[in-house]
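Just so you know, the protein sequences line up as chains Y and X, in that order.
With the first letter of the first sequence counted as 1, position 114 gets the number 114 in the UniProt record's numbering; the numbers rise by one all the way through.
With the first letter of the second sequence counted as 1, position 107 gets the number 107 in the UniProt record's numbering; the numbers rise by one all the way through.
If chains are identical, the list can't say which one is meant, so a pair holds when it fits in one copy or spans any two.
Listed below are the simulated SDA-like cross-link pairs for lysine to any residue, each with C-alpha atoms no more than 20 Å apart in a straight line:
hint, residue 1, residue 2
1, Lys188, Trp206
2, Lys115, Ala40
3, Lys115, Ala28
4, Lys115, Leu26
5, Lys188, Asp153
6, Lys188, Asn203
7, Lys51, Thr65
Just so you know, these hints were derived from the structure itself, not from any lab.
Protein chains: 2
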Amino acid sequence: MTEPGTPIRVILADDELLLREAVMTLLALEDGITVLGTAATGAEAVELVRKARPDVAVLDLEMPTQDGIEAAAEIQLIAPGTRVVLLTRHARPAVLRRALDAGVSAFVTKATSVKELPSILRSVASGGRYVDGAVATAALSESNCPLTEREIDVLRESLDGATIRVIAERTHLAPGTVRNYISTAMTKLGAANRVQAARVAWNEGWI
Amino acid sequence: MTEPGTPIRVILADDELLLREAVMTLLALEDGITVLGTAATGAEAVELVRKARPDVAVLDLEMPTQDGIEAAAEIQLIAPGTRVVLLTRHARPAVLRRALDAGVSAFVTKATSVKELPSILRSVASGGRYVDGAVATAALSESNCPLTEREIDVLRESLDGATIRVIAERTHLAPGTVRNYISTAMTKLGAANRVQAARVAWNEGWI
DNA sequence: CTTCGTAGCTGACAAATGTCATTCCGGCGA
DNA sequence: TCGCCGGAATGACATTTGTCAGCTACGAAG
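Generate the whole structure from the sequences, applying the supplied hints.
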């Protein structure tokens with residue numbers, strides 16, 4: 001993909017200026033890496049990729065307007081040559097799966113050392129893939145999510161405290177059916193109500 | 001507090017290795033600043049302060065075992081000479097108030113530029129105070145929190161989906177009273193249930 | 001073809017929740 | 001001193017929610 005000797009051209013997107021600047025500065029000091037620019041939102045990142053055509057785009061997962069995965073999917077369309085490195089705060093197996101589906105080349109948590117970043121970027125730029133070790137093992141072992149598809153849908157919709165009627169509308173199900181799914185999910189997760197169930201499932205990375 | 005010419009001795013605590021390392025590296029490059037060490041949890045930070053006796057301790061708000069404010073309060077006790085700079089992700093006026101009560105000398109968000117950090121540290125080390133501009137104005141203008149003390153207590157307890165009985169026990173109130181407070185809070189915030197009310201209040205920085 | 005499992009739905013019931021009117025009590029200003 | 005207000009509580013009530021049993025439809029396995 002990138003010939004040896006040619007510097008890797010990188011952009012960096014994160015909504016926290018402190019982290020963005022700090023990492024950018026350190027990456028820029030690195031031999032063989034050129035930082036073309038930074039972005040604070042998903043939309044900005046996509047726009048920057050469109051203009052600058054970097055080899056690698058490092059995207060934070062949690063960003064305003066568009067999260068890292070949505071931005072990654074869009075980047076695949078408009079700049080197939082750009083590899084995406086997804087940066088995330090919490091390592092959640094379900095997110096890893098969505099990220100890989102979106103065509104992300106590397107999955108890195110913020111518990112990674114800055115010193116490892118350059119080699120990850122180089123590896124990705126030359127066509128490699130990288131998945132954070134802890135997340136990878138978690139993804140393998142924690143595939144035993146006890147929830148069914150619909151239970152996950154319903155729980156996800158109830159994360160923001162929506163009422164059952166609203167959840168029913170959003171999932172195109174009957175209210176009674178929603179209550180049944182919530183009920184089974186609650187017993188599976190040992191929760192006292194749907195809010196707690198949603199929290200548990202979220203923490204486990206299942207929704 | 002610190003004589004001119006003497007380097008400022010700093011420690012840095014944040015649970016994200018990436019940010020911790022990156023900021024530490026950049027601070028260490030700065031003239032007149034010595035980084036004595038870093039910590040990943042509140043407890044580690046307190047322990048590090050006890051041993052190293054830094055001039056300034058930069059603490060992230062969100063950390064395991066002890067959040068930055070709890071750690072700051074403890075540091076005031078064991079090392080009164082150490083000034084605390086609180087670093088936070090989201091600028092929330094209520095948190096600012098709690099932080100100032102805990103004796104924090106500076107309140108900085110992660111939307112701050114790394115370049116501003118050294119001057120903030122210097123100012124704090126010489127006895128000054130600093131509050132992030134956006135947060136300060138927000139704290140002044142957003143003093144119009146419509147909730148009363150008890151409503152805030154009750155909403156805070158219901159953030160994790162606790163049942164009314166549990167909230168009543170935790171707040172030492174009668175269940176009916178809890179429901180009344182929740183009800184008034186919900187109407188004030190225009191929410192359909194206590195979960196939404198808690199979310200709204202949280203986003204506004206009121207709890 | 002029958003059986004089984006699963007998705008989806010319904011209805012009934014009990015418990016939890018939200019709403020409202022009302023009461024009691026300790027300040028606090030007029 | 002009186003009256004008003006905010007905190008706390010109670011009781012009654014309607015609504016929402018969680019539980020449970022049972023129904024239909026449909027595809028896969030037997």
